[in-house]
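**Student:** Given the coordinates of chain W, work out where chain U should sit on it, guided by the hints.
For reference, the chains in residue letters:
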Amino acid sequence: AQSVTQLDSQVPVFEEAPVELRCNYSSSVSVYLFWYVQYPNQGLQLLLKYLSGSTLVKGINGFEAEFNKSQTSFHLRKPSVHISDTAEYFCAVSPFSGGYNKLIFGAGTRLAVHP
Amino acid sequence: KAGVTQTPRYLIKTRGQQVTLSCSPISGHRSVSWYQQTPGQGLQFLFEYFSETQRNKGNFPGRFSGRQFSNSRSEMNVSTLELGDSALYLCASSPGNAGEQYFGPGTRLTVT
Chain W
-2 AQSVTQLDSQ VPVFEEAPVE LRCNYSSSVS VYLFWYVQYP NQGLQLLLKY
48 LSGSTLVKGI NGFEAEFNKS QTSFHLRKPS VHISDTAEYF CAVSPFSGGY
98 NKLIFGAGTR LAVHP
Chain U
24 KAGVTQTPRY LIKTRGQQVT LSCSPISGHR SVSWYQQTPG QGLQFLFEYF
74 SETQRNKGNF PGRFSGRQFS NSRSEMNVST LELGDSALYL CASSPGNAGE
124 QYFGPGTRLT VT
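Chain order of the listed sequences is W and U. Heads up, the final residue of the first sequence is numbered 112 in the numbering used here, and it's a clean run with no missing numbers. Heads up, the final residue of the second sequence is numbered 135 in the numbering used here, and it's a clean run with no missing numbers.
Everything labelled a hint here was simulated from the structure, so no lab data went into it. Some hints could be false.
Stated by the list, open to error - With a cut-off of at most 30 Å between alpha-carbon atoms, the simulated DSBU-like pairs for lysine-lysine come out as follows: (1) K24(U) - K80(U); (2) K24(U) - K46(W); (3) K24(U) - K55(W); (4) K46(W) - K80(U).
Computed from a predicted structure; not experimentally measured.
Just chain U, same shape as in the assembly:
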């Protein structure tokens, strides 16, 4: 089975712009979660989607949003980018509800 794929792998944006990141889960996985990884804050949960519905959300401002499509692919969007949004954004998919998640390689976002 193919693993979790994320596009693009690297992205450079300017403050104030917006960005959309994409994630394709492992075939058959209906749950997709997003995480932000930074040197200062570590790995932090952003949100989880299951069957096109957001069912869990972390403590991030409303500038961070996401959606899931009927084929389970997911996108996350960050509007009005700030320098502090520079991070590795990881997507993970899961076959069930036991927290076991499989991660993609991540998208490294740099905001200048």
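Just chain W, same shape as in the assembly:
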């Protein structure tokens, strides 16, 4: 079984400051890793993904994440946030095995960017 823990339910930050949203996962099998963003009254948008290869993954809107296998973490970072980054962010994993598409999500982190 897999589980995902997002360590902060809310993260307030000032505009142009850096931000890190933390994600840890637990799994008995290898997994793919994802970050999604959800703006109010919308569906989820894929920010970035780690499937294999380089552990530093770059995504859309200036976000990046680093996969750390030993710490089973996949933290999301952005060097300078904008007001428009205010949204809820979800970390998710999908197990390799079975060839199926099943995402297990964390509880989400609400990022609030203040002017």
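**Tutor:** Relative to chain W, chain U alone:
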């Protein structure tokens, strides 16, 4: 390419009724998954369909069912609605088997 579309966007039903939600995946995507999002339970996987076959199912009661058509469009049905079924239901499509999924805007179901 057009994104994932879901209809209707909003729905109000009464306890005991049934409801059908529809999802059209991105062209060429054969996998369609459904998720339920609530404030209390977060995002939970309902089921996945691939080539008209359900190949993965989450921990939901049998009142929740789905199907997929030959054009990859999918429907999910909830029978005997309960107040706790009020949620945002999200559909996602995928081009392959690496878990990478693209989500629609969701259908917000309110059960009164």
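**Student:** It remains to establish, for every hint, whether it holds in the given structure.
**Tutor:** Here's how the hints hold up against the structure:
As the CA atoms of K24(U) and K80(U) are separated by approximately 28 Å, the hinted pair is consistent with the 30 Å bound. At most 30 Å may separate the alpha-carbon atoms for a hinted pair to count; K24(U) and K46(W) meet this at roughly 20 Å. For the given pair, K24(U) sits about 23 Å from K55(W) by alpha-carbon distance, which is consistent with the 30 Å threshold. Only pairs whose Cα atoms come within 30 Å are accepted, and K46(W) paired with K80(U) is accepted, the gap being roughly 23 Å.
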